[in-house]
Amino acid sequence: MPGIEYLLEALTPFNIMLALCGVIAGTVIGSLPGLTATMAVAVLVPITFSMPPASALILMGAIYTGAIYGGAYAAILLNTPGTPSAIATTFDGFPMAKRGDGDLAVTLACLASVTGGLVGAAFLLGLAPPLAKVALAFGPVEYFWLAVFGLTLISALSEGNLLKGLIGACFGLLLSSIGIAEISADVRFTFGSQVLLGGIETVSALIGLYCVPVLIDLVATPDKHLKVTHQPKGFRLMEALAISWKHKFNLIRSSVIGTLVGILPGAGGSIAGLVAYSEARRVSKRTEHFGTGEPEGVQATESANNATVGGGFIPTLVLGIPGTPPDAVILGALLIQGVRTGPNLFTQEGSIVYTFIYGLFLATILMLPVGLVIGRYAYKIIITVPKAMLVPTVAFMTMIGTFSIRNSVSDVIIMITLGVIGWVLNRAGYSPSPIVLGLILGRIAEQGFVQAWTIGAATEELGLMFFGRPISLAIIAFICLSLFYPLVRARWIGRRRKVRAD
Amino acid sequence: MQTDTPEEVVRRDVGGMVTAAVFILIAVIALWDTTTMVDADSYVFPRAVAIAMIVFCLLLIAWDLMRPTSGNGDVSAPGASTVRRVSLVVTMLVSTALMPVLGFLVSGFAAFVSIMLIAMYDPWTRFRTLVYPLVCAAFVVGFYFLFAELLLVPLPIGSLFE
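Chains A and B supply the protein sequences, listed in that same order. Start counting the first sequence at 1; every next residue gets the next number (my numbering). Start counting the second sequence at 503; every next residue gets the next number (my numbering).
By construction, these hints were calculated from the structure, which means they are not laboratory data. The C-beta atom is built at its ideal place from N, Cα and C for all residues, glycine as well. It is possible that part of the hints are untrue.
[To be verified] Sample of chain A residues with no beta-carbon within 12 Å of chain B, all distances over it, derived:
no.: 1; residue: Phe14
no.: 2; residue: Gly442
no.: 3; residue: Arg491
[As the list claims (entries may be wrong)] Which chain A residues face chain B? A few, computed with CB under 7 Å, are given here:
no.: 4; residue: Leu173
no.: 5; residue: Glu182
no.: 6; residue: Ala220
no.: 7; residue: Ile416
Sequences and hints are given; from them, build the entire structure.
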C-alpha cells in the first residue's frame, strides 16, 4: 500500500478546494441534458495547465466523477439521462419520482454513486497494473458478445411485449448504422442527405426519445409533473441508508461490474450501467418490480457508472489507453503536462499517481454532501416550479444541450423528430428503451462482429473466433443466464409451490 | 355462463399492427438501400437487422390477428390537449430552424416565451404578467452566457445580425 505522504499531499487545502469545486462544477454540468462528462472535462481542461500535475488530475477526476453522478438528476426527475451513463437510471428512477419518491431516488443515487466511486478508486489504488491486462485480453469478438449481453436487457425493458421490444431494438440498430460505416466507410441510409452523413448522434437521440415525449404529455394537461405524496423534508437519508444496507451486495456487485467494464476501452458508463442493471434484475428477488420504480435498479446503475471513473483510469494510467471518452481528454492533458503514462508510471511518478488516487477518494467522499444538497434543491425546484416555467426551461435545455454536442442545428431537428416518433411509438406500446439500447449497442456490436468475422475468415477459424475464446465463452454463459434464468426460476418456484400445496 | 363486460372485451392492437407495418416498410427501404453498398462489411449487419425486423413485425401482426389483445401503449389522459401538443412541437421545430437566421438569443427567447404560453394553465395575474417574461429573458441570457462564454459553444449569431 502506497505511503501516507501521498495522502497528506492530497489533503492540502488547495487540493481539497479543487476537489470540491470540481465535484460541484461536474455535478451541475452533468445534470444538464446534452452536456456530457467528456464535455465537462474538456471545457475545464485549460484551467489545469498551470497547475501541478497531481492537482490537475484531482480537479479533472473530480469534474468527471461529479458529472457522471449529475446525470442522475435529469434521469430521475425528467426521464432524460443527463449523461449517457444515466440511461438505465431512467428505468426505475423516473417511475420512483412519478409515484412521489423522487427525493428518495436522488439520495439513493447519491449513496450508490459514492459507493461505486470508492470501489472504482480502491481498484485503481490496489490492483491497477494486473487489471490493466484485462483490457488487453478483450478483442473485437468480446466486445461483440458484450454488446449482445447488453441487448438481452430488451426482454426486461419490453414491458410485457417482447416482440415490440425486439422490433424497437432492431429500429435502434438500424438508426445506429445511418451515416458512414466505421470499417468500410460506405455511406449508408443517408438517401443523399448531407445532414445524415455524420449519423444519428447518440446523446441527441437519447434526449429526443426520452425527454420530448415527456414534454409533449406534460404540456397537454394541467396536472403536476411529479406526484408529491409528502412535503419534502430532509434528504430521506436514513431511509436511503437502510435500503442501501439491505441491498449492499447489489451495490458491491454493481460497483465491481462498473469497474471491470470501465477498464475496457470504449465501453463506458452506459454499458456498465446496463450490464449492472441486467445482473441486478437477474439476481434480485423482486425481478418483476424492475422497471416500475425498484430502488435496486437505481442503485445498480448509479454505482456501476461511477465505478467506471476509477476503472477507466486503470488502462489510461497503466497502458496509456483511455478507458472512457473523458479519460482520453485527461490523457491529452497529462501529455501536455509532460507526464508519460505507461507501466512505469506507478513506480517512476508515484507521487503524482498516488496523490491523484487519494484525491479521487476525496472527491468521491465530497460528492456525498454536495450531491445530497444539489439533489435536494433540484427535486424541490422540479416539484415547485409552475408548469408554465418548467416546460419551456426543459425544452430550451434539450435544444441548447443537443446543439452544443456537435454545434449542429440539424441535430436539434433530428432530436425533436425522434422525440415525436418516440411519443407515437409509446402510444402504440413500443417502449423507447429498446430503441436506445439498439442505438447505443449497435455500433459496438457491428464493429466487433465485422472485425471478428474478418479476422476469423482470414485465419480460417471462424467458429473458434466466436466461440473458442475463454472470455467470450464466459460472456456467452452470462447471456444464457440472463435469457433463461428467469424462465428456469419461474418454473422452479412454480414446482415448489405445487409441492407445498400437495 | 360468463358474459364479458364492455371493459373486458379484447380488441385488436391496431396501433401496434399499423406501426409494425410501417416498420416493415422501413426495413424494406433499408434492404433496398443495402443493394447499393459494395463492401460486404457495410451491408451484412444492417441487412441482418432489417430481415430480423421484418420477421418480428410479421410475427407481431400474425400474433395479434390470431390472439387479439388490447395492446399496452400509453393512454391519453382525459381532456389532454392535442392543440397544445402540436403547438409545442411546431414551436420547437420552427425556432430551431430559424436559429441560423435570427440567432440564438432572438429565436431562443421567442421559443421560450411561446412554449411558456402554450404550457400556461394558470390565470394571468398582474404578478405573472410582469415576472414571467422577465424570468424568460433571464433564463435565455443566463444559458447564453453559460454556453457561449463559459463552455465556449459557438451559438449562432444569426445571418440577420452578421
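Quick rundown of the hints versus the structure:
1. Phe14: holds, 22 Å
2. Gly442: violated, 8 Å
3. Arg491: holds, 22 Å
4. Leu173: Constraint on Leu173 (chain A) satisfied, holds at 5 Å.
5. Glu182: violated, 9 Å
6. Ala220: holds, 4 Å
7. Ile416: Where the cut-off is 7 Å and the nearest Cβ of chain B is about 5 Å from Ile416 (chain A), the hint holds.
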